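Protein sequence lines, in the order shown, are assigned to chains A and B. Residue numbers for the first sequence follow my numbering, beginning at 4 and rising by one. Residue numbers for the second sequence follow my numbering, beginning at 938 and rising by one.
Derived by calculation from the structure, the hints in this document are not laboratory data. Keep in mind it's a predicted model, so treat the numbers as computed, not measured. Fair warning: there could be bad hints in the mix.
[As the list claims (entries may be wrong)] List time: in silico BS3-like cross-link candidates among lysine-lysine, alpha-carbon distance up to 25 Å:
(1) A/K274 with A/K300
(2) A/K300 with B/K1069
(3) A/K442 with A/K463
(4) A/K91 with A/K65
(5) B/K1131 with B/K1173
(6) A/K300 with A/K197
(7) A/K439 with B/K1019
(8) A/K326 with A/K356
(9) B/K1173 with B/K1019
(10) A/K274 with B/K1069
(11) A/K91 with B/K1173
(12) A/K91 with A/K274
[Unchecked claim] Taking beta-carbon pairs under 10 Å as the criterion, some of the chain A residues facing chain B (in silico):
(13) M93
(14) D136
(15) F139
(16) R228
(17) H229
(18) D283
(19) L285
(20) E419
(21) V428
(22) S433
(23) A444
Glycine included, C-beta positions come from ideal geometry on N, C-alpha and C.
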Amino acid sequence: MIGRSLVGRFVRSSASLAVCGLLALQGTEAMAWSLEEAAAPYEGTTIRTVGEALPPLEAMAKLKSEFESRTGITVEIEMYEHSEAVNKVMLDLNSRRGRYDFILQPHRELGRFVANGHLEPVERFMNDPSLRDPSFMPEEQLYQGLWHEISWYEGQVYGFPFTALNMYMWYRDDLLNDPNERAGFKEKYGYELKPATTWQEYTDIAEWFHRPDEGFYGTALQGKRHEALWYEWLNFLYSFGGDMLETNSGSECGPVVVNSPEAIASLEYYKSLLAYSPADSLNYTWDEVMALMQQGKVYQMIMWNDATYAVAEDHEASTVAGKMGFDIVPPQANGEPVGQVEGWTYLIPAGSKNQEAAYLFIQWMMEETQQLNQHLNGGATARPDVYAHPDVQAISYSQASMDTNAAARPKPTIPESPQITDILVRELSSYLSDAKNAKEALDDAAVEMSELLGDCAPLKYPVE
Amino acid sequence: MRTNRIIERVLDHGVAPLLLVPSVILLFVILLGPFLYMVWTGFTDLHYALPNRDGAFVGFANFRRLMQDDPIFWHSFWLTMKFVFGVVLVEFMFGLGLALLLFHYIKQHRFILTLLLVPMMLAPIAVGLIWKLLLSGDFGMFTYYLRYFGLADQQTSILGNPSLVMPAIMLIDVWQWTPFVTLVILAGLLSLPKEPFEAAIMDGARPLQIFRDVTLPLLRPIIALVLLLRGIDAFKEFDKVFILTGGGPGISTEMLSIYTYRINFRDWDLGYGAVCAFMVYLVVLIMCSVFYKAVYWNEGRSKTVGKAAS
């Protein structure tokens, strides 16, 4: 008995010791890393970044002061319009000035940057115990598909998602639930007024609410010769079953399919909506249509999640805050939902002089607390745990955003992708302005894309 | 005396060229150097966006592409030429008319002139933004009054309509730069000698004859200068178009400077972009030279004729 009891005691003591030891070890590990200590060598440093002047970056600008006070590292943020933010970075990277210590860029630019050796892979920082916060585990904490799509290139990780962007349908929920509108709509079209689930319904609803004499429009297209046009059309292209290249991932090259019958049909349908859009639609980008919606002049449109906050939640900026509804864009003919993934990514230029300090800031921004804060102030997080938060669940557009993320398609990130965008923007604009028909415009785009990409991108639909 | 003579001799024979060295260096650094580099780049495949395009010599490949395979360049070229000749002609006519009006009929023209100069003094970006608002289809004042007077319907969008947008941009340019032409021609009118006019009146010349045979010939150098400056400036038009339309809809306002910008700073195809930029330079050079000769050819001929007669 004694023996047993002794053995038992020994075993219990040993087990307790082992547990204590493990706890102590864990505690030591946790104690071993702190942001303050990791940032101590870089105290007094100023790091500079550049990005698009939209709520996510404005939210980051509000958050940075905590990082600055904890680390002594100053963070300077430059904000520009989309194209300008991209151009500033290209100039800086090509001139190798090293003005920016980290950059925020749309993911279509990724291949171009990597191919030209402009980026520093972040693996080096992630493998450095003095920099890596042990609690930062992007392999578990981020939407993996999205992270790989927008921040990885050819098996190498170059950054972390700044925003997980997608486009979905915005509509006026107050008008949708107006009894008079509902009754009138049902009488004319024979079915209940509800968020569109097919493109025919989308047209019917746009037509019903289109009242230009009252300054109210059924929809608003982003028809200016600008990236916005390309992004908007992609929703229609994907939904009609088309694509630009026949590939499985953004970093692949493949046959050009942008002039497929599905693509042509999607473009013709897209243009048909001009009839229910303001006269100035060929001069609109996302800025103008967002302003129109904020002023309560449009019933429905397809727009970005990072612009939603300013319309749906910000009562000071928007006359329709609290009156909006959101849903995924109408699915494909087979009922399969579809959406486009886009993302702005934190990247560290190879020429940055303060790469470690920049990494520390990015890592800090990726923490759940900052991500939640940024998301609630107009951000678009790539962390599922933030979406699961009750405060986020309560936001009117969270569900539409999550549904679209789940159905998102990859888009090209190869070095030529910005040029592909430029070609398509020009041709889409030519079609909208009646300079070409849809087939001519997309055939011309396909030929130019194929010539640009070379042997890896033959025309799947030959042009006569 | 002796010292002065030595200094004079040194200045005459040795130091004077040396004093020019800083100017020559400056000229090389900011003008000739970049120009030569641009020409050289035009013979390479330099492309900042694509890998393996790091500036290898490709001979005349870029020039060949421009001449044979780039319809958008030539569209932009002819569009720009139409713009230049259109706006310079209208600005000259309005500018000359306004200058004559101010010179002959308005004694206290300083205040009016100051008002006239306001559009010219605005930054081109500001001009673009102002007109973007004025021409907006939703709330633009200009569009509102067009609709009010029945000149446009609800669906008319000036900047979104390919057939209206270019005339609109030309009118904005005329609005902005006519005052400059007025100012220069008015300065010329004020500086003309009075004697030829008095002689013409004594000889019984009618006002139209005085304008045609005295005023215009005396103003010729001033007119040449102002047309030359406006021609060069109009050829480089960028800011307003960039703000108002970005070259669209389609390629309906894609002027040469916008196209060159797009090739260089959107596509980052610097080899081909250098050739486009070189063409802009070449066209401006040829235009200036032809224009200059055209303006002074008559003067030369009249001098020759005058000498022969005497």
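*Is A/K300 within 25 Å of B/K1069, Cα to Cα?*
20 Å, holds
*Given the hint that A/K274 pairs with B/K1069, does the C-alpha gap stay at or below 25 Å?*
Roughly 23 Å between the alpha carbons, so the hint for A/K274 and B/K1069 holds.
*Take a quick look at whether B/K1173 and B/K1019 sit within 25 Å of each other, Cα to Cα.*
Given pair B/K1173, B/K1019 holds - Cα atoms ~13 Å apart, limit 25 Å.
*Proposed interface contact between A/R228 and chain B, which counts if any beta carbon pair is under 10 Å*: Holds. Min distance 3 Å.
_Proposed interface contact between A/H229 and chain B, which counts if any beta carbon pair is under 10 Å_ = 6 Å, holds
*For the pair we were handed, B/K1131 and B/K1173, check the Cα-Cα distance against 25 Å.*
38 Å, violated
*Does A/K91 pair with B/K1173 here, judged by a C-alpha cut-off of 25 Å?*
22 Å, holds
_Run the distance test for A/K274 versus A/K300: straight-line Cα separation, threshold 25 Å._
Holds, at about 20 Å.
*Restraint check for A/K442 with A/K463, where alpha carbons must lie at most 25 Å apart*: Holds, at about 14 Å.
_For a C-alpha distance cap of 25 Å, please report whether A/K91 and A/K274 respect it._
33 Å, violated
_Hint validation: A/D283 versus chain B, beta carbon distance must be below 10 Å. Holds or violated?_
3 Å, holds
_Interface hint outcome for A/S433 [beta carbon to chain B under 10 Å]_ = Hint holds; A/S433 Cβ to chain B Cβ min 4 Å, cut 10 Å.
Hint violations for this structure: numbers 5, 8, 12, 14 and 15, all remaining hints satisfied.
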